[in-house]
Amino acid sequence: AQSVTQPDIHITVSEGASLELRCNYSYGATPYLFWYVQSPGQGLQLLLKYFSGDTLVQGIKGFEAEFKRSQSSFNLRKPSVHWSDAAEYFCAAFNAGKSTFGDGTTLTVKP
Amino acid sequence: EAGVVQSPRYKIIEKKQPVAFWCNPISGHNTLYWYRQNLGQGPELLIRYENEEAVDDSQLPKDRFSAERLKGVDSTLKIQPAELGDSAVYLCASNERGRNGELFFGEGSRLTVL
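Protein chains in written order, with this note's numbering: chain H, 1 to 111; chain D, 1 to 114.
FYI, nobody ran anything at the bench for these hints, they're computed from the structure.
Treat each hint with caution, since some may be false.
Derived coverage of chain H by chain D (criterion: at least 3 residues anywhere in the stretch with Cβ under 8 Å from a Cβ of chain D; other residues may be distant) [said to hold, decoys possible]:
hint	region
1	36-49
2	64-72
3	90-97
Ideal Cβ placement from N, Cα and C applies to all residues, glycine included.
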């Protein structure tokens, strides 16, 4: 079955520290891949997307993600986290007309 | 440009009561989605519309859930009767045809069933 897994339910980082959120997918073929962010009480906002080509993609708010086919991964990174980055982050895969979301990683930022 | 608009933002009802949620997508977006998001989980698709046609409703519990998008613009999702397990956030999303997987979400409607 097609699935998206986010192994970390909750991550805490200090403000100014670097961040990496993990995402693994299980599909027969490489799907389109996305990262979304959800602040409390809000809908999801698209951070970045990967369709093909360059495996390092840049997004909004200083985020980037790297696609690694050999590891079936699409990890999200940010060099220096700001307090406003505290939110829930969802990885998603799109294939054959359907989007499948992971269960999310909650990011807490310590001052 | 206005985003995806949903109402109500919050709804508390007794079990067995009906409830309806409304969504107005971004202007020009042909595709409209309803998702359910349970606490601590990612969104799960309930139904997808292309214009006024429901092209994927395989995950919609049709015994109690119904949806419509009569003129291919705004949409309504109804639950009748509601059960305790229906407590969740109901998210509406839209996108333009061809923008595969790039979804624009509303703020959601949080339903609590007592």
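Against which earlier hints does the structure fall short, listed by number upward?
-> 2
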